[in-house]
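> Read off the chains here:
Number of protein chains: 2
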Amino acid sequence: MSIINKAAAIGGGVIGAGWVARLLLNGIDVSIFDPDPEASRKVSEVMKGARRAYKQMLPGGLPKEGKLTFAKTIAEAVADADFIQESVPERLDLKHKVLAEIDAHAPANAIVGSSTSGIKPTDMQVAMKKHPERLVVGHPFNPVYLLPLVEIVGGQQTFPEAIEVAKEIYASIGMKPVVVRKEIEAFVGDRLLEAAWREALWLVKDGICTVEELDDIMRYSFGLRWAQMGMFQVYRVAGGEAGMRHFMAQFGPCLKWPWTKLMDVPEFNDELVDLIATQSDEQANGLSIRELEKIRDDNLVAIMEALSKQNKGKGWGAGALHKDYTKQLAKLAAKPAAKADGKAKTAKPAKKAAKPAKAVKPAKTEKPKKKSGKKG
Amino acid sequence: MSIINKAAAIGGGVIGAGWVARLLLNGIDVSIFDPDPEASRKVSEVMKGARRAYKQMLPGGLPKEGKLTFAKTIAEAVADADFIQESVPERLDLKHKVLAEIDAHAPANAIVGSSTSGIKPTDMQVAMKKHPERLVVGHPFNPVYLLPLVEIVGGQQTFPEAIEVAKEIYASIGMKPVVVRKEIEAFVGDRLLEAAWREALWLVKDGICTVEELDDIMRYSFGLRWAQMGMFQVYRVAGGEAGMRHFMAQFGPCLKWPWTKLMDVPEFNDELVDLIATQSDEQANGLSIRELEKIRDDNLVAIMEALSKQNKGKGWGAGALHKDYTKQLAKLAAKPAAKADGKAKTAKPAKKAAKPAKAVKPAKTEKPKKKSGKKG
Numbered sequence: 001m002s003i004i005n006k007a008a009a010i011g012g013g014v015i016g017a018g019w020v021a022r023l024l025l026n027g028i029d030v031s032i033f034d035p036d037p038e039a040s041r042k043v044s045e046v047m048k049g050a051r052r053a054y055k056q057m058l059p060g061g062l063p064k065e066g067k068l069t070f071a072k073t074i075a076e077a078v079a080d081a082d083f084i085q086e087s088v089p090e091r092l093d094l095k096h097k098v099l100a101e102i103d104a105h106a107p108a109n110a111i112v113g114s115s116t117s118g119i120k121p122t123d124m125q126v127a128m129k130k131h132p133e134r135l136v137v138g139h140p141f142n143p144v145y146l147l148p149l150v151e152i153v154g155g156q157q158t159f160p161e162a163i164e165v166a167k168e169i170y171a172s173i174g175m176k177p178v179v180v181r182k183e184i185e186a187f188v189g190d191r192l193l194e195a196a197w198r199e200a201l202w203l204v205k206d207g208i209c210t211v212e213e214l215d216d217i218m219r220y221s222f223g224l225r226w227a228q229m230g231m232f233q234v235y236r237v238a239g240g241e242a243g244m245r246h247f248m249a250q251f252g253p254c255l256k257w258p259w260t261k262l263m264d265v266p267e268f269n270d271e272l273v274d275l276i277a278t279q280s281d282e283q284a285n286g287l288s289i290r291e292l293e294k295i296r297d298d299n300l301v302a303i304m305e306a307l308s309k310q311n312k313g314k315g316w317g318a319g320a321l322h323k324d325y326t327k328q329l330a331k332l333a334a335k336p337a338a339k340a341d342g343k344a345k346t347a348k349p350a351k352k353a354a355k356p357a358k359a360v361k362p363a364k365t366e367k368p369k370k371k372s373g374k375k376g
Numbered sequence: 001m002s003i004i005n006k007a008a009a010i011g012g013g014v015i016g017a018g019w020v021a022r023l024l025l026n027g028i029d030v031s032i033f034d035p036d037p038e039a040s041r042k043v044s045e046v047m048k049g050a051r052r053a054y055k056q057m058l059p060g061g062l063p064k065e066g067k068l069t070f071a072k073t074i075a076e077a078v079a080d081a082d083f084i085q086e087s088v089p090e091r092l093d094l095k096h097k098v099l100a101e102i103d104a105h106a107p108a109n110a111i112v113g114s115s116t117s118g119i120k121p122t123d124m125q126v127a128m129k130k131h132p133e134r135l136v137v138g139h140p141f142n143p144v145y146l147l148p149l150v151e152i153v154g155g156q157q158t159f160p161e162a163i164e165v166a167k168e169i170y171a172s173i174g175m176k177p178v179v180v181r182k183e184i185e186a187f188v189g190d191r192l193l194e195a196a197w198r199e200a201l202w203l204v205k206d207g208i209c210t211v212e213e214l215d216d217i218m219r220y221s222f223g224l225r226w227a228q229m230g231m232f233q234v235y236r237v238a239g240g241e242a243g244m245r246h247f248m249a250q251f252g253p254c255l256k257w258p259w260t261k262l263m264d265v266p267e268f269n270d271e272l273v274d275l276i277a278t279q280s281d282e283q284a285n286g287l288s289i290r291e292l293e294k295i296r297d298d299n300l301v302a303i304m305e306a307l308s309k310q311n312k313g314k315g316w317g318a319g320a321l322h323k324d325y326t327k328q329l330a331k332l333a334a335k336p337a338a339k340a341d342g343k344a345k346t347a348k349p350a351k352k353a354a355k356p357a358k359a360v361k362p363a364k365t366e367k368p369k370k371k372s373g374k375k376g
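Which chain is which? The protein sequence lines are A and B, in order. Letter by letter, the first sequence follows residues 1 to 376 in our numbering. Letter by letter, the second sequence follows residues 1 to 376 in our numbering.
Keep in mind that the hints are not guaranteed to be accurate.
Remember, identical chains collapse to one label, so a pair may be satisfied in a single copy or spanning two.
Subject to a maximum C-alpha distance of 27 Å in a straight line, what follows is the list of computed DSS-like cross-link-like pairs (lysine-lysine) [claimed, not checked]:
| # | residue 1 | residue 2 |
| --- | --- | --- |
| 1 | Lys294 | Lys312 |
| 2 | Lys314 | Lys48 |
| 3 | Lys205 | Lys120 |
| 4 | Lys182 | Lys205 |
| 5 | Lys48 | Lys312 |
| 6 | Lys309 | Lys95 |
| 7 | Lys314 | Lys327 |
Because the hints were derived from the structure by calculation, they are not lab data.
Here chain A stands alone, though its shape is the one from the complex (with noise of 0.2 Å):
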């Protein structure tokens, strides 16, 4: 189903372990690099998390799981994949070493994705000699088996041809790519929760509440809503039958109001690490990271699930795009020999991304696209 013939994982920590966990469930084979003696134990532990996760999305059986192969250097790794991720800790200097050694030895029509959750694709892709216009930030999130969004961001070099190729792997897998039109630091998603968390230190730090507190103001409000539709589509249907013009209208003075500390960063201390963490252990009220991953996974495969049966059936938001990737699973689980004659199906978008396009033309200038992917 995907066209990925073979991929690459460059770290296998939390996000490159999700990654690895996807690849493998779609029947893909994956070669990944990680320097950590954990590496093996760990990817295990992620793997076992998303196959319980899968099954719970198909009863009727998954696929036949890709194989896992552990390289012991980044040459070997992405020696014949045709798609690469990156997802390395977030030091720049580490970034630079990781990509040019992966553009080194990469075939020159793979795609490389990087896992950044905010370093610009531009000052990334300056330490890849051969082909920087193939580097893309394919930024997810946690849990990355089960989340379906990717925020796909180009550099100045990227060819845009770089970012449909990217955008067609990525939904091949199950997800929601979303392009960003302009390249900025940490993007849109965690401009968004950076905000958010830099309000939630000021209200715990001052105490106006705990995190438990706010956790639980969190998720029996807007969170539910955010499940289902975005901050902007909520507040249209919030203005009523005035619209969106009204509810501007109504609420944008607000925003003059004292009501973030937001323009100030609450300092960074023990102090400060030592109540959260505290609190968060209160809050835990015993169960195991291990286990509350299991509850997370549940519920967000529950909400995936219950959203699919939405809007007269056809689906909504997620749970659409829920109900098309495990059909797409399930007709992958009940035809385990289709793969072997696939390999063919990867030439395609490899050869778009690696022709040599007219001119470097930066990705942020493209015209902006029809919408992509079905309406929620």
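Go by the hints and put chain B onto chain A.
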């Protein structure tokens, strides 16, 4: 089931009508005052939507609805109410006028809740000459008849007993009361929303994404997460085996990066309103507000129902509450006659609130309470 005998609603906009709907569907009589000549029609529109949503929650049938009366004055509306919810526009002068009138005419032991999403109760209760001690902020989230959260905030003159009774009252109509420990403008929920909203306005204004793209980025990623665990719990799990301290150490430094524009407020001019309203029209893709409302409500019910089956059948977060709430309503529906002899039940909490406390103890100094409600 509820400890409210008769409620009054002052203001029948989207929020006020949402309160009316929740109360009526719990079998509670409501007297409403709203000078808008369209109020009756608007409330009945909201009632239609709420009835529709509750029918999905309760296929076995709804409780007998409370009786709705349109009062000609505030005095008439509150005359024999034991619970009054104020939901007038967010202007302090108007709040003062309305609260003074409520206070002058309501029974001495009635609890007064304000739906304000940002004004401090201390600043509002100065207008209440007789019983300022019974004012609490009871800040709900739209749609009030479905979303369970209510933030309770006391002012300097609020009796701790009033907060306790308000908690009981809101919980009795299926809500999740969370008491905010210290009084600040915008409390907790709207602080977080405002932070995200400001950032969102920048992202759209700067052309990084459209409102539809931003919404998709939310609802295909962290929106799904936040329907079931809040930000801190999510990050605890994301920290993996190393836990919260590790997560904080890893991501704390990012706070210093130039990742938000929040130090600054985008100018709220016609151009920005136009840009957002136009993009929002496109996003709606021909669906009317009413149609979107129905979809939203169906989605919310489906999500809460899905969560009610998680955690080994005990339910999780809003799902655990939803399970209890629908049980409570089903019981009420099965015993339509039970209400008649329930008059005496209100005496207890109402008395508690009115009893002259030892001294006017500011609510915000009260000791941290035991965890309220059931653990998610």
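> How do Lys314 and Lys327 come out at 27 Å by Cα distance, when the copy is not named: within, between, both, or neither?
within (13 Å within a copy, 29 Å between copies)
> Please sort Lys294 with Lys312 into within, between, both or neither, judging by C-alpha distance up to 27 Å.
For Lys294 and Lys312, only the inter-copy Cα distance (11 Å) is at most 27 Å; the intra-copy one is 30 Å.
> Have a look at Lys314 and Lys48 and pick one of within, between, both or neither, based on CA distance no larger than 27 Å.
Between copies only: 24 Å across chains, 31 Å inside a chain, cut-off 27 Å.
> For Lys182 vs Lys205, is the C-alpha pair at or below 27 Å within one copy, between two copies, both, or neither?
between (34 Å within a copy, 12 Å between copies)
> Is it within, between, both or neither when you check Lys309 against Lys95 at 27 Å Cα-Cα?
Neither: 42 Å inside a copy, 43 Å across copies.
> Regarding Lys205 and Lys120, is the shortest C-alpha distance of 27 Å or less found within a copy, between copies, in both, or in neither?
between (31 Å within a copy, 20 Å between copies)
> Should Lys48 paired with Lys312 be assigned to within, between, both, or neither, using CA atoms and 27 Å as the limit?
Classified as between; 19 Å across copies, 34 Å inside a copy.
When held up to the earlier numbered hints, the structure conflicts with hint 6 and nothing else.
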